[in-house]
Amino acid sequence: MHKKHSFAAASLLLSLAVTAGADAGPVLDRVQSAKKLVVATDAAYPPQSFLDKDGTMKGFDVDVGAEIGKRLGVSVDYVTPAWDVIVAGHWGGRWDVSIGSMTPTAQRATVLDFPAVYYYIAQILIVHSDNTTIRKPEDASGKRIGIGQGESYEGYLAGNLVLDAAGTPPFTYRIKDAQVQAFESNAMARDNLKLGDGKRIDAAMTSMPTAIEAQKAGAPFRVVEPPVYFEPLALAIDKGDPEFAAALKQAVADMRTDGTLKALSLKWFGADVTSPPAE
Amino acid sequence: MTRLIRRKFVWLGLIVILVLIGAQVTGGLRPTAAFACVMVGGLVLLINGLVLRYCGFGIAVAMVYADLFLLLLGFMRTFDLQYDVMLRYLPDLMGFKLQNGFLQGAALTIFVCIVSIMAATLIAFLAALGRLSRQPIAYGVATFYVSFFRGTPLMLQVMLIFLGLPQIGLVLAAIPSGILALSLCYGAYMAEIFRAGIIAVPRGQTEGAMALGLSKTQALWLVVMPQAVRLVIPPTGSQFIAMLKDSALVSILGAWELLYIARAYGRAEFRNMEMLIAAAAIYWAMSIVMEYGQSRLEKNLQRGALKPM
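In order, the protein sequences belong to chains A and B. According to the numbering used here, the first sequence is numbered sequentially starting from 1. According to the numbering used here, the second sequence is numbered sequentially starting from 1.
Looking at chain A on its own, in the form it has when it is part of the complex (with noise of 0.2 Å):
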C-alpha cells in the first residue's frame, strides 16, 4: 500500500520535471501583445535610479527605460529585485529586461544576455573632506579602503580585475597592497567613510556619479582624480530572444544617434559619459 503511494508521488515529481524547462519564450512577443514592458532596476542607486519624493522611481536609467519603451510603443513598468536575484538570470518572465548599470562580464553571460552598452562608468577613490594625504590614487597604496561586497573595486584593488567586457577601455594598477575592508553595501562603506578621516577606513572605492550626488546631499567627501577605470554598462536579457536582443540593441543606437541619449546623460550626470573616454 505505502509502496504504491510513492510510486504514485515519484511519478508525479517526474512528470512536473519533463514539463519543465524551455520556458525562454519569446520575450519580444510577450511584450508586444501586453504593451508593456517589465524592467528590473534598483530603488536605492541615485542618481542611476532612486525612489523620489513623491515616491516614484527617477534617474538616468529609470529615463532610459521609460525612453526605450517609448521606442518599442509599450508602457513601461518597474520592479526592484534584489541584484542577486537579477544576475541570477532565470527570470521565469517575470521582467524583461534588466536596465541597471550592470557590466557585461563573461561570467554573467553564460545565464543573461547583453544586447546594448549604453553608457561607460568612471570607477574612483573618495577619501574624507578632512583628509590631506592622498591626492592621487598611488598615494592611497597601503591604506584601508572601503568597498561593497563582491563589486570589481576587490579585483581592482587586489591586482587581478577581470573586465572581459567588448570596449572596455585598458587600465592600470594604480593602488598597491590596499587593506581592502568589504563592507554589505557600497553605501555601507560610503557611511563608514563619513564616520571620519581615517576613523574607520582612510578611503572609498565608488562610481563617479554617486561620489556627486553623495557631495551634493552634503556628505564629507572628495573625489580623488583621476578616475581609475572605467566600465562599460549594458542593458541585460534572460537569454534566448535574439529577435527582443536586436530590437533592444536597435533602440539604444537610436538613441545614441539622434542625441538623447547624450541628453539623459547631461541631465543626470552633468556629463555625457555615453561614449569610452578619450585615452
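Among the hints, erroneous ones may be present.
Covered, in the sense of this in silico footprint (three residues per stretch, anywhere, with C-beta under 8 Å from a C-beta of chain A), are these stretches of chain B [claimed, not checked]:
(1) 153 to 163
(2) 246 to 257
(3) 260 to 266
(4) 270 to 281
Reference listing, derived: stretches of chain A covered by chain B, where coverage requires no fewer than 3 residues with Cβ under 8 Å from a Cβ of chain B [what the hints assert, rightly or not]:
(5) 216 to 223
(6) 250 to 256
These aren't lab readings, by the way, just hints derived from the structure by calculation. Note that the structure is predicted; figures quoted are calculated from it, not measured. Backbone N, C-alpha and C fix where the C-beta goes; we use that ideal spot for every residue, glycine too.
Once you have looked at the hints, place chain B on chain A.
Chain B only, in chain A's frame:
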C-alpha cells in the same frame, strides 16, 4: 550578599554608560563643563536609585523603563541625526501610500506577517503531528521538512522558491513567493515548539481521558491540545516577532516592505542612519503590540491553571 554585589555591578555599568554618553554629548564643551554635566547626571541617577528603592514594583518597573529609554535616546543623540528627514518619510515607511496598487512599507510587512503566521501555524501543526507519528511516510516527510527548512538559510529558501520554482513551470509573484518561504521556514521552527508542547503534557492525561471513554483523537483535541497551547504560547510569540523582522527578506524579490523603503529613501537622501532608525522604531512598536497580545493571551489561557511565580 550576592544580590548586593549584583546591584553594585548594575549601577557601575549604568554609570559607565552615562559617562560615555556624557563624553559624547558634551564633546564640544570645556572639560570642566563636561565634568559638571557628568556629575549632575550621576546625581540624577543616584536620586533615581533611592526613589526606586521606596516605591512599589509597578512604579519601579515603569521608572526603570523610562531610565533605559532616556539612555537610548541619549545614545541616539550622538548620531547627529536629521529628524526632519525621518519625519518627512514617516508616511511612506508606515505604508500610507500604494505601490502599483498594492500595499507598501509597514502595511505590507504586517500583511505578509499575518498571512505567513496563519500558514506557518497550520504547517507547523501538521509537521508536529507528523514528527510524533509512527507512520513512516508521515514521520519521514515531516522530519525531512523540518531538517531542511531549519538547516538552510532563509535567504536561500526565498531565492529557491522565487527562481527555482519557475524551472518546473510554476511562476509565483514576489509577495506570494516571500510568504511561502516565510511560512515554510517558520513552520519548521514552530513544528518543534508544537511537538515539545504536545509531549510536555503528561502521558497520564491521555491515559486518563481514554479510561474515561474518549477516543484517541478526542483525547488529543479535548485534553492534550488545550494544555499544550498554553505551553507553546511564549516561544511561538518569539517566533512571530522574529518573523516580523525576517519578513524584510521579501524585499530581495522586489516587494517594497518597511526595511526596503527605509533603505531606498535612505540612499536617495544619503541619510541611511536616519531611515534605518525610523524603521527600527516602527518594527519595535509593532513587536510591542505583539508582545502585548501575547501576554493577554497567556493570561487568558492561564485561568484555572497554576499561577506562574
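Hints, one by one, checked against the model:
no., hint, result
1, 153 to 163, "holds (count 3)"
2, 246 to 257, "holds (count 5)"
3, 260 to 266, "holds (count 6)"
4, 270 to 281, "holds (count 4)"
5, 216 to 223, "holds (count 3)"
6, 250 to 256, "violated (count 0)"
This entry does not satisfy hint 6, going by the numbered hints stated previously; all others are met.
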